[in-house]
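**Q** Letter by letter, the chains look like this.
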Amino acid sequence: DVKVTQSSRYLVKRTGEKVFLECVQDMDHENMFWYRQDPGLGLRLIYFSYDVKMKEKGDIPEGYSVSREKKERFSLILESASTNQTSMYLCASSLRGQGRRELFFGEGSRLTVL
Amino acid sequence: AQSVTQLDSQVPVFEEAPVELRCNYSSSVSVYLFWYVQYPNQGLQLLLKYLSGSTLVKGINGFEAEFNKSQTSFHLRKPSVHISDTAEYFCAVSDRSSYKLIFGSGTRLLVRP
Numbered sequence: 339d340v341k342v343t344q345s346s347r348y349l350v351k352r353t354g355e356k357v358f359l360e361c362v363q364d365m366d367h368e369n370m371f372w373y374r375q376d377p378g379l380g381l382r383l384i385y386f387s388y389d390v391k392m393k394e395k396g397d398i399p400e401g402y403s404v405s406r407e408k409k410e411r412f413s414l415i416l417e418s419a420s421t422n423q424t425s426m427y428l429c430a431s432s433l434r435g436q437g438r439r440e441l442f443f444g445e446g447s448r449l450t451v452l
Numbered sequence: 011a012q013s014v015t016q017l018d019s020q021v022p023v024f025e026e027a028p029v030e031l032r033c034n035y036s037s038s039v040s041v042y043l044f045w046y047v048q049y050p051n052q053g054l055q056l057l058l059k060y061l062s063g064s065t066l067v068k069g070i071n072g073f074e075a076e077f078n079k080s081q082t083s084f085h086l087r088k089p090s091v092h093i094s095d096t097a098e099y100f101c102a103v104s105d106r107s108s109y110k111l112i113f114g115s116g117t118r119l120l121v122r123p
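Keeping their order, the protein sequence lines are chains W and Y.
Residue numbering for the first sequence follows our numbering, starting at 339 and increasing by one per position.
Residue numbering for the second sequence follows our numbering, starting at 11 and increasing by one per position.
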């Protein structure tokens, strides 16, 4: 089974802190994604990566950056956390190629910024 | 840009009753369609997907969905729900030229005894 592991299930941070959310997948998937989930808004794409060191902005990249130094690891960085970044963050991965859009998700990281 | 509309934010239903969760997407270009389920405090898991071929797609846990290109819809159905089906359900669409999945806002299915 594909396993996507997010390092922290729950985090509490203070405004202005730098926050790292880590995600590791074990199935050699080329694509990795970071989504943000908020009630009533569904999942919104922050960033995705289709290869090592490659990244593309999603729909809501402001206030976030990402890093992909190894194929299996995709990190989301909040340079200076703000209260409006309190949310559930979901990492996902998928294979490259036509007909391979299925995403495999981690269990999520719930971030609270005080 | 592609968008997904889930018309119902919450659907209450009694156990063993049938249910339909509605999903419409914005573009009629060639798409891939998905339904995911999220149980409390968990990530999303795939229920079913439409890539091509038969418009009636069967998934896990007795769910099925029908792709209707003319109505740009992909409604999810189950003939008889269980308490354990209580969860949030997300519809998602991807243009065939993109790796990105666009998600709807979700429908919370609440199954009552």
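Among the clues, some could well be false.
What the hints assert, rightly or not - So the derived list for chain W, only partly shown, Cβ under 7 Å to chain Y, looks like this:
1) G380
2) R406
3) G435
4) E440
5) F443
6) G446
7) V451
8) L452
Unchecked claim - Distance condition first, Cα-Cα at most 27 Å in a straight line; then the derived DSS-like pairs of lysine-lysine:
9) W/K341 to W/K393
10) W/K351 to W/K393
11) W/K341 to W/K408
12) W/K408 to Y/K110
13) W/K395 to W/K341
14) W/K409 to W/K395
15) W/K341 to Y/K59
16) W/K391 to W/K341
17) W/K356 to W/K391
18) W/K341 to Y/K79
19) W/K356 to W/K393
20) W/K393 to W/K408
21) Y/K68 to W/K391
22) W/K395 to W/K356
23) Y/K110 to W/K393
24) W/K409 to W/K341
25) Y/K110 to Y/K59
26) Y/K79 to Y/K110
27) W/K409 to Y/K68
28) Y/K59 to Y/K79
29) W/K409 to Y/K79
30) W/K408 to W/K356
31) W/K408 to W/K391
32) W/K408 to W/K395
33) Y/K68 to W/K395
34) W/K409 to W/K393
35) Y/K110 to W/K341
36) W/K395 to W/K351
37) W/K395 to Y/K59
38) Y/K110 to Y/K68
No lab work stands behind these hints: they were computed from the structure.
Where is the CB? At the ideal position from N, CA and C, for every residue including glycine.
**Q** Could you run down the list of hints and mark each one as holding or not?
**A** Consistency of the hints with the structure:
Checking W/G380 against chain Y by beta carbon gives a least distance of about 4 Å; that is within 7 Å, so the hint holds. Hint status for W/R406: violated, given a least beta-carbon distance of 14 Å to chain Y, over 7 Å. About 10 Å separates the beta-carbon of W/G435 from the nearest beta-carbon of chain Y, more than 7 Å, and the hint is not met. The interface hint given for W/E440 holds, since its Cβ lies 6 Å from the closest Cβ of chain Y, which is under the 7 Å cut-off.
Using the Cβ-Cβ criterion of 7 Å, the hint placing W/F443 at the interface with chain Y is satisfied: the shortest such distance is roughly 4 Å. The interface hint given for W/G446 holds, since its Cβ lies 5 Å from the closest Cβ of chain Y, which is under the 7 Å cut-off. Using the Cβ-Cβ criterion of 7 Å, the hint placing W/V451 at the interface with chain Y is not satisfied: the shortest such distance is roughly 20 Å. Given the 7 Å rule on beta carbons, the hint for W/L452 is violated: about 21 Å separates it from the nearest Cβ of chain Y.
Our distance criterion of 27 Å between C-alpha atoms is met by W/K341 and W/K393, whose separation comes to about 21 Å. This hinted pair checks out: W/K351 and W/K393 have alpha carbons roughly 26 Å apart, not beyond 27 Å. Note on W/K341 and W/K408: the hinted pairing holds, with a Cα-Cα distance of about 16 Å set against a maximum of 27 Å. In summary, the hint linking W/K408 to Y/K110 is supported, as the alpha carbons are separated by about 21 Å, within the 27 Å threshold.
Distance restraint check for W/K395 and W/K341: the Cα-Cα separation of roughly 24 Å lies within the 27 Å cut-off, and the hinted pair is therefore satisfied. The hinted pair formed by W/K409 and W/K395 meets the criterion: a straight-line CA distance of about 18 Å does not exceed 27 Å. Between W/K341 and Y/K59 the CA atoms are separated by roughly 20 Å; this keeps the pair inside 27 Å, and the hint holds. Only pairs whose Cα atoms come within 27 Å are accepted, and W/K391 paired with W/K341 is accepted, the gap being roughly 21 Å.
Taking the CA atoms of W/K356 and W/K391, the gap is about 21 Å. The hint holds against a cut of 27 Å. Note on W/K341 and Y/K79: the hinted pairing is violated, with a Cα-Cα distance of about 33 Å set against a maximum of 27 Å. Between W/K356 and W/K393, the direct Cα distance comes to roughly 20 Å. Compliance with the 27 Å bound is thereby established for this hinted pair. The suggested pairing of W/K393 with W/K408 holds, with an alpha-carbon distance near 13 Å, which does not exceed 27 Å.
With a C-alpha separation of about 38 Å, the suggested pair Y/K68 and W/K391 falls outside the 27 Å cut-off, and the hint is violated. Between W/K395 and W/K356 the alpha-carbon distance is near 20 Å, which keeps this suggested pair within the 27 Å criterion. With a C-alpha separation of about 12 Å, the suggested pairing of Y/K110 with W/K393 holds against the 27 Å cut-off. For the proposed pair W/K409 and W/K341, the alpha carbon gap of about 14 Å is at most 27 Å, so the pair holds.
The hinted pair formed by Y/K110 and Y/K59 meets the criterion: a straight-line CA distance of about 15 Å does not exceed 27 Å. The straight-line distance between the Cα atoms of Y/K79 and Y/K110 is roughly 20 Å, inside the 27 Å bound, and the hint therefore holds. With a C-alpha separation of about 33 Å, the suggested pair W/K409 and Y/K68 falls outside the 27 Å cut-off, and the hint is violated. At most 27 Å may separate the alpha-carbon atoms for a hinted pair to count; Y/K59 and Y/K79 meet this at roughly 15 Å.
The hinted pair formed by W/K409 and Y/K79 fails the criterion: a straight-line CA distance of about 37 Å is larger than 27 Å. Taking the CA atoms of W/K408 and W/K356, the gap is about 21 Å. The hint holds against a cut of 27 Å. A distance of roughly 8 Å separates the Cα atoms of W/K408 and W/K391; the hinted pair therefore holds under the 27 Å criterion. Proximity of W/K408 to W/K395 is assessed by CA-CA distance (about 19 Å); at most 27 Å being required, the pair is judged to hold.
Of the pairs offered as hints, the one joining Y/K68 and W/K395 is violated, with about 33 Å between alpha carbons and a cut-off of 27 Å exceeded. As the CA atoms of W/K409 and W/K393 are separated by approximately 12 Å, the hinted pair is consistent with the 27 Å bound. Simply put, Y/K110 and W/K341 have alpha-carbon atoms about 20 Å apart, close enough for the 27 Å limit, and the pair holds. Between the alpha carbons of W/K395 and W/K351 the distance comes to roughly 24 Å, so the proposed pair stays at or under 27 Å and holds.
Note on W/K395 and Y/K59: the hinted pairing holds, with a Cα-Cα distance of about 25 Å set against a maximum of 27 Å. Restraint check for Y/K110 and Y/K68: satisfied, since their Cα atoms lie roughly 23 Å apart, inside the 27 Å limit.
Going down the numbered hints, you'll see the structure goes against 2, 3, 7, 8, 18, 21, 27, 29 and 33, while the others check out.
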